[in-house]
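Undergrad: Given next are the chains, with one letter for each unit.
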Amino acid sequence: MAYSERVIEHYENPRNVGALDKNDASVGTGLVGAPACGDVMRLQIRVNESGVIEDAKFKTFGCGSAIASSSLATEWIKGKTLDEAGSIQNSQIAEELNLPPVKIHCSVLAEDAIKSAIEDYRKKRAARQSLEKGQ
Amino acid sequence: MALKFPIYMDNHATTPVDPRVLEAMMPYFTHDFGNAASRTHAFGWHAEAAVDASRESIASFIGAESGKEIVFTSGATESDNLAIKGVAEYYGNKGKHIITTTIEHKAVLDSCKRLEKQGFEVTYVNAGTDGLVNPADIERAMTEKTILVSVMLANNEVGSIQPIAEIGKLTRARGVVFHVDAVQGLGKTPFDVRAMNVDLASLTAHKIYGPKGVGALYVRRSKPRIRLVAQMDGGGHERGNRSGTLNVPGIVGFAKAVDILQREGVAEAEKIRGLRDRLWKKLVDALPEVKLNGHPTLRLPGNLNLSFAFVEGEGLMMAIKDVAVSSGSACTSASLEPSYVLRSMGLDEDMAHSSIRFGLGRFNTEEEVDYVAELVTAKVRRLRDMSPLWEMHQDGIDIKSIQWVAH
Chain Y
1 MAYSERVIEH YENPRNVGAL DKNDASVGTG LVGAPACGDV MRLQIRVNES GVIEDAKFKT
61 FGCGSAIASS SLATEWIKGK TLDEAGSIQN SQIAEELNLP PVKIHCSVLA EDAIKSAIED
121 YRKKRAARQS LEKGQ
Chain C
1 MALKFPIYMD NHATTPVDPR VLEAMMPYFT HDFGNAASRT HAFGWHAEAA VDASRESIAS
61 FIGAESGKEI VFTSGATESD NLAIKGVAEY YGNKGKHIIT TTIEHKAVLD SCKRLEKQGF
121 EVTYVNAGTD GLVNPADIER AMTEKTILVS VMLANNEVGS IQPIAEIGKL TRARGVVFHV
181 DAVQGLGKTP FDVRAMNVDL ASLTAHKIYG PKGVGALYVR RSKPRIRLVA QMDGGGHERG
241 NRSGTLNVPG IVGFAKAVDI LQREGVAEAE KIRGLRDRLW KKLVDALPEV KLNGHPTLRL
301 PGNLNLSFAF VEGEGLMMAI KDVAVSSGSA CTSASLEPSY VLRSMGLDED MAHSSIRFGL
361 GRFNTEEEVD YVAELVTAKV RRLRDMSPLW EMHQDGIDIK SIQWVAH
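Same order as they appear, the protein sequences are chains Y and C. So in the numbering used here, the last one in the first sequence is 135, and the numbering has no gaps at all. So in the numbering used here, the last one in the second sequence is 407, and the numbering has no gaps at all.
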């Protein structure tokens, strides 16, 4: 199967590869997929006090389309509010990367990774707030 | 010598036609174009003579008694279908049990699956973690109803060379027909149908530097005589076993490919084994967490099947796109399931996803091996730096201890 130019571009020059400190209160981490299925994505966001994603990083075990989907996802969510980022649909990622039907699951995983990172951040924040109230 | 790109290291999938083979074939497309079944003129006689000489070469190469035991087909898929369905149909009244293995080619497995729908019972024997079938498992599976055992000479993914002679003893003692899919092993590992008590053997030209679209089925004619029901109706070619005008240039090319192997095969296997071992050593020395799939020594000389842990196979292939290899990764198939061969050997699914099959062949060079070793090393390192699993592994986290959610 031939890859689209956009997949190749992201695969060869992935944006935002790396890690953020998952114990940092301003960081949300999403880890989705499974090694047995051949793809695992970890997507992390750093969120500022006004709820805007200031930084995003990813690491992905997977095929070229999976790596490209996560790279694109980090690029798109930077500078967005949590709600904006959370509304990104897998179909937008698939369209942007011109993914063939057999690779749509890569874009689904990227959407899941974004949502999972946001959820993690919100949980951490809620836990912290309830802790603060309790004090 | 300067490297030429892309580099081909997928010789289990197919091989280029050797220029000597092509040269031998050429006259049979144009000047000697006759139909081997034309009995009334010189064009036909010429073609028939060429086909018969080819039969003899191929028969002698596999230790058969006579060229009459060679039935030409369109390739190994057809040979496997003809052997399995043809035997089942002929001997089905003696019993309806067939034994094969889980690591066979789909042409064998799916022929068996079809027979299951027609009332046959099939036992699929597992290979061990080394990719080898244990003859004792075949013996245990045999019943009074068993009519056919089908086991490959060498596996196409991990190259494991099966104990054909030992299985042949068992089937001969029980009077069970023994079919061997010899496609991958032919010319690369010893194969002798009489010494090994093989009754039927599937062969193909395009894995041994011959043309695509031509294969053969060896059908034993004596001690015992094996009978088949033809699966193709028509003019009754090939002694009624396979109707259809013979592919004369293809057959001539097949025989030429065999002749070359007969003369050069042993030395060639040693050369290829040397290249394979060089590639293996370079990769294992440079990279941690690389696992060899299959048996360390009982494998085809050109086969190197490795799992680069924490890196996904298709992702790696994309990184080395100037090198043609294949992967047991799910992503290379529409099914999204990783290689059934690796899984049936008990490999963890993540390691199956991480597998790459290098298939070295006649035309590979040391320079190519060195280039590929360096490229793969660099790309595996790069992809591991991008892999969350590698990071976890470095941090001492066992990825098996995590509750992953399958998707």
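Hints are computed from structural coordinates only; laboratory data are not their basis. Be careful, since some hints might not be right.
Claimed, not checked - Covered stretches of chain Y, going by a simulated chain C footprint (3 or more residues, C-beta under 8 Å): (1) 24-37; (2) 52-62; (3) 87-97.
All values reported here derive from a predicted model rather than from experimental measurement. We put the CB at the ideal spot given by N, CA and C, even for glycine.
Undergrad: A separate judgement is required for each hint: does it hold in the structure or not?
TA: Do the hints match the structure? See the list:
A stretch counts as covered by a chain when three or more of its residues have a beta carbon under 8 Å from one of that chain; for the region 24-37 of chain Y and chain C the count is 7, and the coverage holds. With 4 residues having a beta carbon nearer than 8 Å to a beta carbon of chain C, the region 52-62 of chain Y meets the requirement of three or more and the stated coverage holds. A count of 0 residues in the region 87-97 of chain Y with a Cβ less than 8 Å from any Cβ of chain C is obtained; the coverage claim is therefore unmet, three being the minimum.
The structure does not agree with numbered hint 3 stated previously, though it agrees with all others.
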